[in-house]
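S.K.: Given next are the chains, with one letter for each unit.
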Amino acid sequence: MAETVLLSDEPSSARLLRRAWPHLRPYSGRMLVALLLSLAESASLVALAPLIGVAVEALTANDRDRLLTTVALLAGLVVAQALLARFAATTLANAGEHVARGLRERAAERLAEAPLRFIEAHRDGSLLQRATGEIAELAMFVRTALPNLLGVTATLAFTTVVLLAYSWPLTLVVVAVFLAPAVLVTRWFAKDAGPAFGAHAGAEATMAATFAETLDAREELRAAGGLPAWMARFDRDNLATLATQRRTVLVENRIGAITLVEGAAMAVLLVFGAWLAVEGHLSVGTVVVFVLAGRNLFEGFGDLSQLAGEVQTVRAGLARLLDLLAAGVPEPGGDRPLPVKGELLAEKVTFRYEGDAEVLREVSVGFAEDAHAGLVGETGSGKTTLSKILSGLYRPDSGRVTFGGVDLSEASPDEVRRRIALVPQEVHTVSGSVADNLALAQGEPGRADMEAAFEALGISAFAQGLPRGLDTPAGDLSAGERQILGLVRAVLADPAVLILDEATADVDPVTARSLETALARLRESRALIVIAHRPSTIELLPRLVALRAGVLETGNEN
Amino acid sequence: MLALAPASSPGGAADGGPPLTQRPSSLLRRCLLAQWRTLAAAVTAAVVRQVALLAIPWCVQRAVDDGIARSDAGVTLSWALVILAVAAAQWAGLIGWQWWANLADARVGVSLRHRLVRHVAALGDDDLVGQGGRGDLALRVTRDVDLVRIWVHGLTTWAVIATTFAVVLPALAALEPALLYVTLAMLPPLVLVNLVFPRRFEPALAELSDAHASRADAVADLLTVGGALRGLGGADVLLGRHHTRSARVAEATMRAARISATWSALGPMIPRLAVVAGIGFGGLAVLSGDLTIGGLVAFTSWMVTLTLAVGVAVERFADRGQAVVAARRIGEILALRPALADRPDPVPLPARGALTCEDVTFTRGGRRVLGPLSLSVRPGELLAVTGPSGSGKSTLLRLLCRRADPSAGTVSYGGLDLRAADPDEVARRLVLVSQRPVLVSGTVADNLCLGRDLGDADLRAACHTAAIDLPLDAEVGERGGALSGGQVKRLALARALLGRPAVLLLDDVTSALDETTEAHVLDRLRRWSPETAVVFVTHRAAVADAADRVLDLTGAEVSHG
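Going line by line, the protein sequences match chains V and F.
Residues 0 to 557 in numbering that gives the first Met the number 0 are what the first sequence spells out, letter by letter.
Residues 0 to 560 in numbering that gives the first Met the number 0 are what the second sequence spells out, letter by letter.
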């Protein structure tokens with residue numbers, strides 16, 4: 000059987016940058032400029048300490064003019080640094096937002112194209128959380144934390160270079176005393192950070208999903224008197240976020256050990272510096288530069304490790320996003336063109352849902368290009384599943400479906416959608432007017448097209464009867480009225496094969512009947528396949544295909 | 000289902016009177032009061048950490064002046080050991096600070112979500128019209144709550160900032176008055192920067208928040224509607240709408256980024272210029288012998304810390320801006336009052352009685368959807384309701400169980416106006432199985448119980464009555480996605496039966512059933528609880544045949560006895 004790939008709650012964040020690179024590459028030019036500006040900014044920041052060192056040398060040399068010149072230079076440098084910081088931050092935010100926007104749009108496209116079974120297999124709260132809250136978090140990181148991260152890293156690098164130029168033995172001692180333990184501490188942190196932050200993100204997503212379900216099911220919960228128990232479930236999920244956050248703090252606090260390392264390094268710097276000064280290898284000014292720049296170094300490393308916490312959160316978020324982009328990948332389609340019309344043929348189609356018995360077993364059935372047929376059977380006999388397979392929304396586990404002789408899995412998905420349309424029983428509406436909802440069809444039909452479609456279905460009166468016509472908010476429509484919208488959309492799409500899955504069940508029988516006749520009449524040689532229980536709908540159809548427990552019964556003709 | 004209508008649509012909000020909008024700052028204040036002990040612990044630890052941090056430059060100054068400048072290695076060594084001890088105190092303070100600050104922010108989040116979920120659960124469908132779609136509501140419980148938490152977490156850093164100023168300013172005065180004057184001179188421009196920028200930043204952030212929310216709605220649309228539209232090629236149009244909103248997010252992000260970039264560049268520039276001025280004046284003082292080089296070094300070190308403190312303060316101001324926007328969005332939800340308000344002194348529903356409505360009409364957006372209509376259903380009676388689409392059948396059922404109140408006329412049970420009763424009791428005893436019932440993720444049994452404590456035997460009996468043949472431990476998938484439409488409806492019917500309601504309102508629950516099964520369901524339904532009054536909206540002849548009476552809503556004005 001075809002496995003549906005599921006999202007992982009804590010996806011691996013290994014080789015994250017490499018996996019994210021395809022999304023970054025288009026903006027590499029912008030990122031390079033931002034990087035250069037950041038480097039220039041950091042360089043000017045690092046240059047402050049040596050200039051102060053020069054001022055101290057001037058003091059020991061009792062040179063008043065040199066002191067004042069240095070002070071003027073320092074003032075200029077501070078202003079230049081601020082200007083550079085301003086432009087580095089905006090350039091970086093610009094590049095980052097381009098990347099974030101690309102990711103947002105890829106994620107939405109993935110949700111629009113992912114196999115239907117993938118969407119159906121996920122609690123939609125978790126898909127929604129990944130595609131909205133987590134992407135927003137990523138964009139916020141890019142806007143706020145990333146400029147800091149770049150600045151701090153560059154400052155660290157430049158400071159080390161400057162210190163080496165002053166006194167390499169002292170630099171080596173400071174680096175040995177500070178850097179090695181600091182790296183160990185950071186490793187200690189990183190060892191458990193991934194799982195801890197991932198578990199926290201997962202707990203937050205579960206809580207968000209339960210909240211979304213509360214919104215949907217609250218009337219039902221009230222009717223069953225189940226609200227208190229449900230609230231207990233939400234509270235459990237809510238408290239789990241607290242427990243997982245505590246774990247992240249425990250891990251994050253390890254990084255604080257850096258302050259101890261910093262103190263040790265300062266102590267060693269002073270003692271060793273004093274010894275070098277006593278021996279006459281070092282001036283007091285140089286020791287001052289080390290004390291100042293050393294603090295830059297330590298604090299830079301401290302900032303970096305604090306940012307590491309944010310980076311971990313974002314890495315977990317990015318991994319979950321890339322997981323979504325990778326898991327929801329559309330089934331491979333072909334590019335074979337489909338004929339304008341042809342026979343729709345299912346050959347030995349077998350299908351099952353994960354872990355369940357077969358829903359359909361070796362079903363073979365054909366519909367000629369002008370067939371009008373009904374698909375009947377008891378509830379649970381597999382009619383809806385068959386309709387999804389016939390319209391190409393599900394791939395069969397074995398067997399195949401062809402249109403005009405071409406296997407649907409070898410044709411381009413766009414072509415399949417253009418030829419074969421399925422109207423389900425439940426028509427969802429989006430926010431906006433009736434017209435906004437009708438525009439959700441191929442080619443974004445305009446008002447005139449919509450009116451023509453109502454006319455063609457013989458229900459112009461329906462559209463005119465709405466309180467504000469096509470501008471009526473779609474949220475005000477009843478289930479039956481929404482079904483009518485679904486059928487109008489189908490007419491606007493004008494497919495060669497139209498499959499109606501209980502598409503008029505909520506419409507009153509008289510209107511339903513006239514809609515069905517109109518649909519059949521509208522396009523000559525359109526194949527119309529109708530799933531229905533209502534006897535008045537079925538008796539109109541010249542041919543009936545019956546399913547029983549996933550197996551085809553011998554077709555009986557009306 | 001939640002109404003996905005835009006904010007401009009006429010909605011139930013008007014019926015509930017003006018919402019009691021709470022000021023965002025008072026919501027934030029109450030969050031803090033609830034956590035004051037933890038926050039106090041965090042503040043204490045933070046102060047310990049900061050005092051230790053500030054003591055280090057002073058120790059370094061002593062080491063430079065008394066040790067290195069006088070070429071005394073022994074004194075330098077003892078100061079180095081003191082530095083090590085102070086660093087250990089600093090780490091201990093940091094651990095306590097992080098632990099308690101995180102605890103406080105996480106608890107604020109838990110309690111806000113605790114309130115939000117209970118508040119939202121008490122609202123009716125019409126109350127949420129105009130409050131954005133599902134995606135936007137989900138953002139209020141995730142992103143907006145997180146922004147408030149970030150702010151709470153950051154509050155403890157104010158203690159750090161205050162400690163910094165309280166320690167550094169007197170220390171500078173002791174070193175050299177000129178250094179103190181330079182430091183004091185930099186404060187007015189710093190304060191000015193922090194006053195001017197939040198005002199510009201807040202609206203930019205509000206717009207960014209809005210842009211994210213409207214994009215989140217587009218994603219929610221893609222998830223709920225996208226699947227159904229695939230068959231029609233409409234997903235591309237939805238994607239187009241998403242991308243337009245995504246572009247708006249990008250614009251709003253850049254606007255906010257430009258303001259914050261200028262702000263965070265100017266913020267630290269001012270104290271750095273003060274450092275430069277300090278070196279100038281301090282340097283002259285060194286030349287005239289009033290200050291030591293070590294003192295000048297301590298000054299610059301402290302100014303670095305002061306610069307950091309100002310930088311953090313700038314960030315905290317930004318956090319507050321974001322938290323106020325977030326608190327406003329959370330407050331908007333908490334300010335919503337159910338349109339169907341609770342009575343302060345609810346009257347219990349009679350144990351038995353007829354469900355009656357008298358001269359009931361219902362209008363929505365100026366359009367009369369139903370009535371005037373009068374009807375009465377006795378216990379044990381089956382009333383079938385038929386009529387074309389849009390004739391008000393579903394609306395009638397919603398009025399009968401008080402999911403909405405009629406625009407005119409009364410609905411009563413056993414002579415008691417439903418508006419006088421306890422809404423929870425009405426919800427439990429007058430049960431609606433809607434056209435699109437909602438399932439929660441979990442097993443069939445979870446969905447049947449919905450928190451009630453029921454035995455498997457009861458569950459099986461109810462399933463049998465509703466003709467549902469699923470293992471009790473089968474997973475139903477997100478919103479019942481693993482089941483067919485008919486199975487979902489019958490599962491909801493079985494769930495309703497388990498409460499043995501006084502009145503059962505069924506909205507076309509058998510439309511997906513074949514006729515044989517449907518006949519079984521009707522038969523068993525009446526045997527299950529013979530005293531239950533059933534109002535059954537249907538298009539099916541078989542139901543109408545089995546009913547005691549049929550009410551046809553065809554025609555604009557209907558009045559049946």
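Calculated from the structure, these hints are not laboratory results.
Remember, predicted model here, so these are calculated numbers, not experimental data.
There may be inaccurate statements among the hints.
Stated by the list, open to error - Below are the SDA-like pairs computed for lysine to any residue, each with C-alpha atoms no more than 25 Å apart in a straight line: (1) V:K190 - V:L241; (2) V:K190 - V:R246; (3) V:K340 - V:E357; (4) V:K190 - F:A87; (5) V:K340 - V:V328; (6) V:K340 - F:L102; (7) V:K347 - F:L102; (8) V:K190 - F:D235; (9) V:K190 - V:E298; (10) V:K340 - V:E298; (11) V:K340 - V:E368; (12) V:K347 - V:V277.
S.K.: None of the hints should be skipped; say for each whether it holds.
M.R.: Here is what the structure says about each hint:
1. V:K190 - V:L241: 21 Å, holds
2. V:K190 - V:R246: Holds - the C-alpha atoms of R246 of chain V and K190 of chain V are around 13 Å apart, at most 25 Å.
3. V:K340 - V:E357: 31 Å, violated
4. V:K190 - F:A87: This hinted pair holds, its Cα atoms lying about 23 Å apart.
5. V:K340 - V:V328: 29 Å, violated
6. V:K340 - F:L102: 65 Å, violated
7. V:K347 - F:L102: 60 Å, violated
8. V:K190 - F:D235: At roughly 43 Å apart (the allowed maximum being 25 Å), D235 of chain F and K190 of chain V break the hint.
9. V:K190 - V:E298: 23 Å, holds
10. V:K340 - V:E298: Violated. K340 of chain V to E298 of chain V sits at ~71 Å, over the 25 Å cutoff.
11. V:K340 - V:E368: Judged against 25 Å, a Cα distance of about 6 Å means the pair holds.
12. V:K347 - V:V277: Violated, at about 93 Å.
The structure is inconsistent with the numbered hints 3, 5, 6, 7, 8, 10, 12, although it conforms to all the rest.
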